[in-house]
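Engineer: The lines below spell out each chain.
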Amino acid sequence: MAERVTLKIFDIVGGPVWVSTDDGQKIFDKITAAFKAGRSVNLSFANQQNLITAFLNAAIGQLYGGQYDEAFLKERLAFSDISEDDRAMLERAIENAKRYFANRPAYDHAWKEVVDEDEE
Amino acid sequence: MKVLCRLLSRRPGRFLMSNNSAKASLGEIRSNQQGFTRLAVLAEALNTYLLDTVDVDLSACTWFDANMSAPLGVVFAHAVDNLNSIKLGGLRPGVETILAKNRFLAGFGFPEREDTHGTTIPYRRFTPTDDRYFAAYLNQFLRGKDLPIMSTGLSERFKNSILEIFVNAAMHSESKLGIFACGQYFPQQHRLDFCVADAGVGIRRKIYKELGMKMNSDKAIEWALQEGNTTRKGNVPGGLGLKLIREFITMNKGRIQIVSDRGYWEFSPQGETLTRIDTSFPGTVINIEINTADTSSYRLRSESEN
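The listed protein sequences derive, respectively, from chains A and B.
Each step along the first sequence adds one to the number in our numbering, with nothing skipped, and position 60 is 60.
Each step along the second sequence adds one to the number in our numbering, with nothing skipped, and position 141 is 141.
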């Protein structure tokens with residue numbers, strides 16, 4: 001069992017406003033650094049004031065891009081101090097990420113078929 | 001000098017110092033297709049001027065939805081970026097009161113007025129990196145003592161929706177002139193409108209630039225609304241923010257409008273409209289209107305529970 005390290009979003013971002021992709025990237029970088037060091041991660045959502053999906057997509061969603069499989073993430077990544085609403089948003093972000101990475105080429109291809117440009 | 005050359009190259013017919021009288025006008029502005037079209041027409045008229053003092057006549061403007069100050073801010077910012085000065089005239093007392101209370105007129109030499117009814121979320125201009133400042137602005141003004149008492153769930157979902165829109169604009173619009181925001185509570189109708197507008201490249205041009213796909217402005221909005229579609233590069237998934245906003249607006253029986261370039265999209269209980277307006281708006285605007293009397297529970301659910 002990998003030793004668990006607690007990462008506090010509040011400390012990494014430097015405040016209670018968690019909205020930008022750049023701040024989400026800081027969380028992603030810390031989580032992957034801990035994984036590389038062979039640790040499990042407990043991600044603490046304590047002291048949150050604002051949280052949106054743009055942040056979660058970068059912080060958590062991109063973990064599902066193929067670098068780690070779901071079983072690994074389930075075993076190595078836990079969340080704490082999180083409200084019911086925030087957990088639901090987090091689950092939506094994870095579901096969206098899985099679907100996004102599974103269907104990415106299909107999304108682009110479908111739209112290449114419907115081009116109808118006549119504006120200059 | 002470089003800037004001036006760039007500007008002149010865009011307007012080969014204009015003289016540097018014009019003695020002509022530079023004028024433009026604006027009629028009634030409400031948060032609807034006609035209102036956005038009128039702002040686009042004003043932007044087009046102002047775009048013909050360079051290094052001018054432009055008199056903007058508002059005598060035909062009998063009503064101005066205060067939240068529409070955000071896209072008006074975009075229109076004037078483009079004109080000022082072309083080294084023009086804007087002079088506002090003919091303001092009717094009612095319109096002047098609205099625009100003075102929300103501090104839009106402060107930049108045009110008009111005195112501020114106190115918002116005695118507390119129905120205004122003031123007009124502000126942000127830079128794309130101002131996400132924390134923008135969040136603080138929302139936290140402050142959406143909690144105002146005179147704004148309607150909304151359930152915590154409704155208030156949080158509304159705030160999150162606006163934050164998603166701001167972050168999207170900051171990330172995708174390439175707006176060098178900033179991001180403009182303004183809100184207004186209409187107590188008689190139990191409606192709260194909030195508008196975020198950027199002066200950027202527009203969705204259509206962004207899709208072409210990032211993905212090489214050419215499409216009309218209306219199709220471009222439709223593309224952006226589809227789940228999973230994003231112009232973001234790299235390994236960060238996107239396309240969830242607008243989906244959640246749409247779910248929320250549907251539950252709340254509110255309304256959302258997107259204007260970008262010539263594209264116009266509106267979604268409300270009355271139906272969905274996707275069309276093109278005749279004149280290009282120089283940026284992207286998203287207006288959200290919520291029904292503040294709604295007492296539904298706004299607990300977000302995971303998809304498996306839905």
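Watch out, some of these pointers could steer you wrong.
Claimed, not checked - Here are the simulated lysine to aspartate or glutamate pairs, EDC-like style, with alpha carbons at most 16 Å apart:
| # | chain 1 | residue 1 | chain 2 | residue 2 |
| --- | --- | --- | --- | --- |
| 1 | B | 206 | A | 119 |
| 2 | B | 253 | B | 227 |
| 3 | B | 87 | B | 55 |
| 4 | B | 243 | A | 91 |
| 5 | B | 159 | A | 22 |
| 6 | B | 243 | A | 95 |
| 7 | B | 206 | B | 222 |
| 8 | A | 98 | A | 85 |
| 9 | A | 98 | A | 119 |
| 10 | B | 253 | B | 266 |
| 11 | A | 98 | B | 227 |
| 12 | B | 159 | B | 272 |
| 13 | A | 36 | A | 69 |
| 14 | A | 74 | A | 11 |
| 15 | A | 36 | A | 81 |
| 16 | B | 214 | A | 95 |
| 17 | B | 176 | B | 247 |
| 18 | B | 209 | B | 174 |
| 19 | B | 243 | B | 272 |
| 20 | B | 159 | A | 119 |
Stated by the list, open to error - Simulated restraints, written as ranges between beta carbons of each label pair:
| # | chain 1 | residue 1 | chain 2 | residue 2 | range |
| --- | --- | --- | --- | --- | --- |
| 21 | A | 22 | B | 87 | 36 to 44 Å |
| 22 | B | 212 | A | 36 | 29 to 37 Å |
| 23 | B | 152 | A | 36 | 54 to 62 Å |
Simulated from the structure, these hints should not be mistaken for lab results.
By construction, the Cβ of each residue, glycine as well, lies at the ideal position given by its N, Cα and C atoms.
Engineer: Hint by hint, note whether the structure agrees.
Structural biologist: Evaluated hints:
1. Between the alpha carbons of residue 206 of chain B and residue 119 of chain A the distance comes to roughly 14 Å, so the proposed pair stays at or under 16 Å and holds.
2. Distance restraint check for residue 253 of chain B and residue 227 of chain B: the Cα-Cα separation of roughly 21 Å exceeds the 16 Å cut-off, and the hinted pair is therefore not satisfied.
3. For a cut-off of 16 Å, the pair hint linking residue 87 of chain B to residue 55 of chain B stands: about 5 Å separates their Cα positions.
4. The suggested pairing of residue 243 of chain B with residue 91 of chain A holds, with an alpha-carbon distance near 14 Å, which does not exceed 16 Å.
5. For the hint linking residue 159 of chain B to residue 22 of chain A, the alpha-carbon distance of about 20 Å lies beyond 16 Å, and the restraint is violated.
6. Taken as a hint, the residue 243 of chain B and residue 95 of chain A pair is honoured in the structure, with Cα atoms around 13 Å apart against an allowance of 16 Å.
7. Distance check on the hinted pair: residue 206 of chain B and residue 222 of chain B sit about 14 Å apart at the alpha-carbon level, within 16 Å; holds.
8. For the suggested pair residue 98 of chain A and residue 85 of chain A, the alpha carbons sit about 20 Å apart, so the restraint of at most 16 Å is broken.
9. Using a Cα cut-off of 16 Å, the hinted pair residue 98 of chain A and residue 119 of chain A is violated, with the two alpha carbons roughly 35 Å apart.
10. About 13 Å separates the Cα atoms of residue 253 of chain B and residue 266 of chain B, which keeps this hinted pair within 16 Å; it holds.
11. Simply put, residue 98 of chain A and residue 227 of chain B have alpha-carbon atoms about 12 Å apart, close enough for the 16 Å limit, and the pair holds.
12. A C-alpha spacing of about 23 Å is found between residue 159 of chain B and residue 272 of chain B, which places the hinted pair above 16 Å, so the restraint is violated.
13. Distance check on the hinted pair: residue 36 of chain A and residue 69 of chain A sit about 14 Å apart at the alpha-carbon level, within 16 Å; holds.
14. Only pairs whose Cα atoms come within 16 Å are accepted, and residue 74 of chain A paired with residue 11 of chain A is rejected, the gap being roughly 24 Å.
15. Restraint check: the Cα-Cα separation between residue 36 of chain A and residue 81 of chain A comes to about 24 Å, which exceeds 16 Å; the hinted pair is violated.
16. About 30 Å separates the Cα atoms of residue 214 of chain B and residue 95 of chain A, which puts this hinted pair outside 16 Å; it is violated.
17. A hinted pair counts as satisfied when its Cα atoms are at most 16 Å apart, and residue 176 of chain B with residue 247 of chain B does not qualify at roughly 31 Å.
18. Between residue 209 of chain B and residue 174 of chain B the CA atoms are separated by roughly 11 Å; this keeps the pair inside 16 Å, and the hint holds.
19. Our distance criterion of 16 Å between C-alpha atoms is met by residue 243 of chain B and residue 272 of chain B, whose separation comes to about 15 Å.
20. This hinted pair does not check out: residue 159 of chain B and residue 119 of chain A have alpha carbons roughly 35 Å apart, beyond 16 Å.
21. A hinted range of 36 to 44 Å holds for the C-beta pair residue 22 of chain A and residue 87 of chain B, which are about 40 Å apart.
22. As the Cβ distance of residue 212 of chain B to residue 36 of chain A is approximately 35 Å, the hint placing it in 29 to 37 Å holds.
23. Distance hint for residue 152 of chain B and residue 36 of chain A: a CB-CB separation of about 40 Å, inconsistent with the stated range 54 to 62 Å.
Violation of the numbered hints given earlier is confined to hints 2, 5, 8, 9, 12, 14, 15, 16, 17, 20, 23; the remaining hints are satisfied by the structure.
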